[in-house]
Amino acid sequence: MESKIEVVGLNAGFGSTHVLKNISLSIPRNRVTAIIGPSGCGKSTFVRCLNRIHELVPGAWVRGKVLLDGKNIYDSDADPVEVRRRVGMVFQKPNPFPAMSIFDNVAYGPRIHGVKDVHRVVEESLKKAALWEEVKHRLSHSPVSLSGGQQQRLCIARALAVKPEVILFDEPCSALDPVATAKIEELVLELKENYTIVIVTHNMQQAARIADYTAFFLMGELVEFGETAEIFENPRDKRTEDYITGRFG
Amino acid sequence: MLRRKLADRLFTFFCIASAALALIPLLSMLYTIVSKGLSVISLQFLTQLPAPPGEGGGFGNAIQGSFIVVGIASAIGIPLGVAAGMYLAEFPNTKLSRAVSFTADVLTGVPSIITGIFAYAIIVVNFGGFSALAGGVALATMMIPFIVRTTEEAMKLVPWELREASLALGAPRWRTTLQVVLSTARFGIITGTLLTVARIAGETAPLLFTAFSNRFWFEGVMQPVATLPVMIYTYAISPFDEWHAQAWGGALVLVGMILTLNILVRVAAGRRW
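Note that the protein sequences, when read in sequence, are chains V and F.
In terms of my numbering, the first sequence opens at residue 136 and continues consecutively.
In terms of my numbering, the second sequence opens at residue 5 and continues consecutively.
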């Protein structure tokens, strides 16, 4: 399996707190990789290291390598702004820009990167995010009027509009009801045709439903990584088995 | 049981009475100004130059001058204050921002007469005498700390997640600050700025020896200029009854302008843009 991202000996934390301990793992291209584990195990910090968002928090630190198409994004000559354009992110809580219209939310990224045909990109992105039909007549409205699920799909459209290669989802459904969750999951499955997807989730059924590969994190360590079916049906590690059978976490 | 009810009643009564008491000075002031000033207000009063006692005249140049001086102060104070507030909100833990923050706190407490002396020493002494510009600088110096604080507070209320969302799209920091944080906070900034403008429009002390006064229309930013507060002061301490009446008229115009600004803020707040 060809890998899109190769993580080698990644350590990260805040100040004196050591959150991620020596993580090495390779994320396959055009597949969905789920990161599961109990709260506080470092799964969010892990994905936030993949697009250099982690380091924005005061006191945060990172050591180790993250190779995107073979090139370390933490090299001194790597540009974090360019890394973030190539590796998009959808957050736990839908966070559309409240002061901008629906259209401007999606157009924000393309405009920053100097895209000429912004209208076409916005329409395309909203269609890919399965939101176009619901908002095409109110593109100038505020995103605040949308439901939580629609806001999250708007955030997905906004991320798609800068044409990333990888999309990180950080518990994208934890604030959504089951119907909205189903829509996002369906969307993730469609998107993997063209994008490499990493999704953090505390919902194991969700991981089982949509992920091709699953990584189990515990207390900042990678316990087990493999094909989802393997992890769920035939875990090699006792701790993985305990977690997925609900004995803790 | 009875005691608790009684205590509750008493406390409620006390709160209502205090609230009513707080309204009395405001209402009686408004009543006095309107009753004494309204009869003076006329087209002539609003548009003509002052005249010697017994010959009528008006406050036209003072109204014009107030707009000009407050305009100059806003042109200097708003951009500087918003920019500094932005810096404090986005880089809160640098040495410079701690120094600016402390200075702003001190500056809000400086008596306005001191601000006037400062502008006198800097502008009036060095640039050929009393001027509209000196008055504007004095008022801007008063505005800046308030605008810095109001901008900082408004921008700090913008959730961190929105900054992350923007940065995660590959937006540089400066665009994130200007297009996401500032635009989300604009409502609070505009409200705070309008209130600050209303607050300084009535300042007298800083203008006494900066803008000074003038009995003619505005003659240029480097010339002395009449303003409503200073004109009211001059007329009120004069020995002429007619001038006293005109001072009330001027007071009514000034209070009317400030009230209008405050009401504008309310209306804007109701609209929630």
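Derived from the structure by calculation, the hints contain no laboratory data.
Note that the structure is a prediction, hence the values are computed from the model and not measured.
One should not assume that every hint holds.
[What the hints assert, rightly or not] Each computed SDA-like pair below joins lysine to any residue, with the alpha-carbon atoms no more than 25 Å apart: (1) V/LYS228 - F/ASP245; (2) V/LYS271 - F/LEU166; (3) V/LYS298 - V/PRO193; (4) F/LYS160 - V/LYS262; (5) F/LYS160 - V/GLU325; (6) V/LYS263 - F/GLU168; (7) F/LYS99 - F/TRP178; (8) V/LYS228 - F/GLY192; (9) F/LYS99 - V/ALA195; (10) V/LYS318 - V/MET354; (11) V/LYS251 - F/GLN183; (12) F/LYS160 - V/VAL216; (13) V/LYS200 - F/GLN183; (14) V/LYS228 - F/LEU186; (15) V/LYS228 - F/TRP247; (16) V/LYS228 - F/LYS160; (17) V/LYS228 - V/GLU269; (18) F/LYS99 - V/PHE149; (19) F/LYS40 - F/TRP247; (20) F/LYS160 - V/PRO193; (21) V/LYS228 - F/LYS40; (22) V/LYS228 - F/MET33; (23) V/LYS251 - F/LYS99; (24) V/LYS263 - F/TRP247; (25) V/LYS228 - F/LEU161; (26) V/LYS200 - F/PRO176; (27) V/LYS228 - F/GLU157; (28) F/LYS99 - V/GLY150; (29) V/LYS263 - V/GLU325; (30) V/LYS251 - F/LEU161; (31) V/LYS206 - V/PHE360; (32) V/LYS318 - F/LEU166; (33) F/LYS160 - V/ILE247.
Here's how the hints hold up against the structure:
Taking the CA atoms of V/LYS228 and F/ASP245, the gap is near 68 Å; set against the 25 Å cutoff, the hint is violated. Proximity of V/LYS271 to F/LEU166 is assessed by CA-CA distance (about 24 Å); at most 25 Å being required, the pair is judged to hold. Restraint check for V/LYS298 and V/PRO193: not satisfied, since their Cα atoms lie roughly 29 Å apart, outside the 25 Å limit. Under the criterion of a C-alpha separation no larger than 25 Å, the hint pairing F/LYS160 with V/LYS262 is inconsistent with the structure, at around 34 Å.
Restraint check for F/LYS160 and V/GLU325: not satisfied, since their Cα atoms lie roughly 38 Å apart, outside the 25 Å limit. Between V/LYS263 and F/GLU168 the alpha-carbon distance is near 23 Å, which keeps this suggested pair within the 25 Å criterion. Our distance criterion of 25 Å between C-alpha atoms is met by F/LYS99 and F/TRP178, whose separation comes to about 20 Å. A distance of roughly 24 Å separates the Cα atoms of V/LYS228 and F/GLY192; the hinted pair therefore holds under the 25 Å criterion.
As the CA atoms of F/LYS99 and V/ALA195 are separated by approximately 20 Å, the hinted pair is consistent with the 25 Å bound. For a cut-off of 25 Å, the pair hint linking V/LYS318 to V/MET354 is broken: about 31 Å separates their Cα positions. With a CA separation close to 19 Å, the supplied pair V/LYS251 and F/GLN183 stays within the 25 Å bound. In summary, the hint linking F/LYS160 to V/VAL216 is supported, as the alpha carbons are separated by about 23 Å, within the 25 Å threshold.
A distance of roughly 32 Å separates the Cα atoms of V/LYS200 and F/GLN183; the hinted pair therefore is violated under the 25 Å criterion. Among the hinted pairs, V/LYS228 with F/LEU186 is consistent with the structure: their alpha-carbon atoms are about 21 Å apart, no more than 25 Å. Between V/LYS228 and F/TRP247 the alpha-carbon distance is near 65 Å, which puts this suggested pair outside the 25 Å criterion. Note on V/LYS228 and F/LYS160: the hinted pairing holds, with a Cα-Cα distance of about 19 Å set against a maximum of 25 Å.
Proximity of V/LYS228 to V/GLU269 is assessed by CA-CA distance (about 20 Å); at most 25 Å being required, the pair is judged to hold. A C-alpha spacing of about 22 Å is found between F/LYS99 and V/PHE149, which places the hinted pair at or below 25 Å, so the restraint holds. At most 25 Å may separate the alpha-carbon atoms for a hinted pair to count; F/LYS40 and F/TRP247 meet this at roughly 12 Å. About 15 Å separates the Cα atoms of F/LYS160 and V/PRO193, which keeps this hinted pair within 25 Å; it holds.
Distance check on the hinted pair: V/LYS228 and F/LYS40 sit about 59 Å apart at the alpha-carbon level, beyond 25 Å; violated. Proximity of V/LYS228 to F/MET33 is assessed by CA-CA distance (about 51 Å); at most 25 Å being required, the pair is judged violated. Under the criterion of a C-alpha separation no larger than 25 Å, the hint pairing V/LYS251 with F/LYS99 is inconsistent with the structure, at around 42 Å. Pair hint V/LYS263 plus F/TRP247 does not hold up; C-alpha atoms about 74 Å apart against a cutoff of 25 Å.
For the hint pairing V/LYS228 with F/LEU161, the CA-to-CA distance comes to about 17 Å; that is within 25 Å, so the pair holds. Distance check on the hinted pair: V/LYS200 and F/PRO176 sit about 23 Å apart at the alpha-carbon level, within 25 Å; holds. For the proposed pair V/LYS228 and F/GLU157, the alpha carbon gap of about 23 Å is at most 25 Å, so the pair holds. Proximity of F/LYS99 to V/GLY150 is assessed by CA-CA distance (about 20 Å); at most 25 Å being required, the pair is judged to hold.
Under the criterion of a C-alpha separation no larger than 25 Å, the hint pairing V/LYS263 with V/GLU325 is consistent with the structure, at around 9 Å. A threshold of 25 Å between alpha carbons decides the hint, and for V/LYS251 with F/LEU161 the separation of about 34 Å lies outside it, so the pair is violated. Proposed proximity of V/LYS206 and V/PHE360 is supported: the alpha carbons are some 22 Å apart, at most 25 Å. Using a Cα cut-off of 25 Å, the hinted pair V/LYS318 and F/LEU166 holds, with the two alpha carbons roughly 24 Å apart.
Distance check on the hinted pair: F/LYS160 and V/ILE247 sit about 24 Å apart at the alpha-carbon level, within 25 Å; holds.
Violated hints for the displayed structure, listed by number in ascending order: 1, 3, 4, 5, 10, 13, 15, 21, 22, 23, 24 and 30.
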